[in-house]
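A.B. asks: Take a look at the letters that make up each chain.
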Amino acid sequence: MTPTLALGRRVINGVMLSLTGVCTVVVIGVLFFILGYITYHGIAALNWDFFTKLPKPVGETGGGMANAIVGTLKLLLLASLIGVPIGFIGGVYLAEYGRKNTLGFLIRYAADLLNGVPSIVMGIFAYTVVVLPMGHFSTLAGGVALGIMMIPIALRSAEEFLKLVPATIREAGLGLGLPEWKVVSFIVIPSAFRGILTGIMLDLARVAGETAPLLFTAFSNRFWSRGWLEPIASLPVMIYTYAITPYEDWHRQAWAAGLVLLILVLGANVISRLVLHRRLAG
Amino acid sequence: MSKPILEIERLNAWFGAHHVLKDISLTAESQQITALIGPSGCGKSTFIRCLNRLHEVVPEAAVSGSVKLSGTDIYGPGVDPVMIRRRVGMVFQKPNPFPTMSVYDNVAAGLRLSGTRRRAVLDERVEQTLRQAALWDEVKEMLHKSGASLSGGQQQRLCIARALAVEPEVLLLDEPCSALDPIATAKIEELLLTLKKTYSVLIVTHNMQQAARVSDFTGFFLLGELVEFGETGQIFTNPKDRRTEDYITGRFG
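Protein chains in written order, with our numbering: chain A, 3 to 284; chain B, 504 to 756.
By construction, these hints were calculated from the structure, which means they are not laboratory data. What you are looking at is a predicted structure, and each value in this text was computed from that prediction instead of being measured.
Cross-link-like lysine to any residue pairs, in silico, SDA-like; alpha carbons within 25 Å at most:
{"id": "1", "chain 1": "B", "residue 1": "LYS597", "chain 2": "A", "residue 2": "GLY197"}
{"id": "2", "chain 1": "A", "residue 1": "LYS102", "chain 2": "B", "residue 2": "PRO562"}
{"id": "3", "chain 1": "B", "residue 1": "LYS690", "chain 2": "A", "residue 2": "THR170"}
{"id": "4", "chain 1": "A", "residue 1": "LYS102", "chain 2": "B", "residue 2": "ALA564"}
{"id": "5", "chain 1": "A", "residue 1": "LYS184", "chain 2": "B", "residue 2": "ARG620"}
{"id": "6", "chain 1": "A", "residue 1": "LYS184", "chain 2": "B", "residue 2": "ARG628"}
{"id": "7", "chain 1": "A", "residue 1": "LYS184", "chain 2": "B", "residue 2": "SER605"}
{"id": "8", "chain 1": "A", "residue 1": "LYS102", "chain 2": "B", "residue 2": "PRO584"}
{"id": "9", "chain 1": "B", "residue 1": "LYS571", "chain 2": "A", "residue 2": "GLU182"}
{"id": "10", "chain 1": "A", "residue 1": "LYS184", "chain 2": "B", "residue 2": "VAL561"}
Working from the sequences, and respecting the hints, build out all of it.
C.D. replies: And the structure:
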């Protein structure tokens with residue numbers, strides 16, 4: 003090997019390595035910039051009142067977003083109750099029974115299309131099928147809109163993680179003389195559980211920040227929303243409404259709402275990972 | 504003379520249009536070890552997968568012919584493949600313990616998932632089969648650790664224990680030592696010789712010395728056909744077919 007060739011390789015290696023390094027720094031830098039910026043602005047308006055009080059009328063300073071925090075949690079709960087079972091059971095079908103048949107192909111295709119539907123269209127859909135017949139906005143309508151949005155990702159992530167379970171594990175179960183449904187329920191699904199739960203957490207994180215589909219469904223509410231059939235406040239919609247007002251105090255509260263939303267999503271992610279980690283270690 | 508446990512007649516198997524087994528007929532004696540040798544892709548694995556009806560779980564796979572297990576055709580009308588697999592256990596090429604289960608749960612899985620809940624029964628069976636699989640002394644202190652944390656050879660004996668726990672009549676082993684080192688292999692071979700007192704064993708192997716060491720009968724497969732079947736001594740010292748001789752003397756291909 004000639005020294006010039008070796009030098010050329012070293013230069014190319016150095017340049018490529020630096021490029022990948024720079025890209026990594028840029029990506030992580032943007033993430034930390036966003037997190038830092040939101041924290042910086044949000045923390046200033048974050049206080050005990052924010053978590054415990056209702057919004058104050060225009061003109062009065064102070065107040066909080068207790069109703070919107072609870073509202074977001076209620077909407078996410080309802081969305082999960084709709085999106086997770088349908089997505090999960092559908093994913094089990096796709097991975098275990100529908101790998102190559104026509105129905106499987108159609109479901110997969112429909113899920114991918116559904117995933118591409120703009121979120122505001124999902125809002126209009128829920129508006130048409132839930133809000134119009136009921137005659138008013140409601141938590142139920144918002145939950146339906148978000149729940150439908152959760153289906154495709156829950157479905158495809160359940161499918162993908164189940165497919166990662168090796169065929170040899172399935173055959174070991176069948177070879178023990180266990181019926182297929184028991185092999186799937188008690189051997190295959192537990193093996194993929196960790197991955198499926200991670201997929202669901204990401205799915206939840208995605209819809210947690212959705213604003214558009216809530217505008218015509220859950221709408222908003224400056225007071226507590228009782229039950230599931232009244233309009234309800236949520237953090238994303240509060241951020242939206244507060245951010246477009248001319249009031250300084252409301253801007254600060256919008257930042258604080260952004261921070262709380264971020265912490266909710268990150269917290270859910272971290273906790274689910276910790277729980278899973280412990281479960282596996284034990 | 505022992506009596507036949509598996510009588511296979513004119514067994515054919517396909518993957519789609521690919522005809523992988525052609526008119527295989529052989530009889531496996533009970534409480535004997537039958538070894539199946541032959542080059543890769545000759546159909547030996549497919550053959551034993553037909554004996555517990557596992558071949559048919561692969562999409563587009565098909566079978567014809569008859570396989571009698573103690574006299575009953577396992578492909579007969581109304582026969583539940585699940586019940587057949589209960590009677591014909593299987594150990595696979597790569598150790599495949601259930602990844603989320605402990606050593607104990609792996610062995611207990613077959614019984615527990617078919618409804619045995621009583622702890623005392625499970626405890627006893629787990630210990631008994633782990634002893635049969637010559638693994639008990641190595642794992643008795645770590646029954647509740649993950650089965651995946653054992654070494655490869657231990658995992659394979661765990662899989663044997665798991666298969667034995669449901670008390671099959673026949674044990675099929677599909678190249679059980681191909682992923683193991685010679686010491687682990689020796690342990691499994693020793694184990695097979697003890698197991699044949701209770702079970703009828705069919706083992707697929709690439710390793711001719713292994714077949715010669717452990718088996719009573721040997722079948723040589725080539726391109727989906729059973730070229731020769733007979734007592735192991737005869738196959739290895741006095742093969743009748745030229746192709747068998749070429750293969751066992753390493754003159755093949």
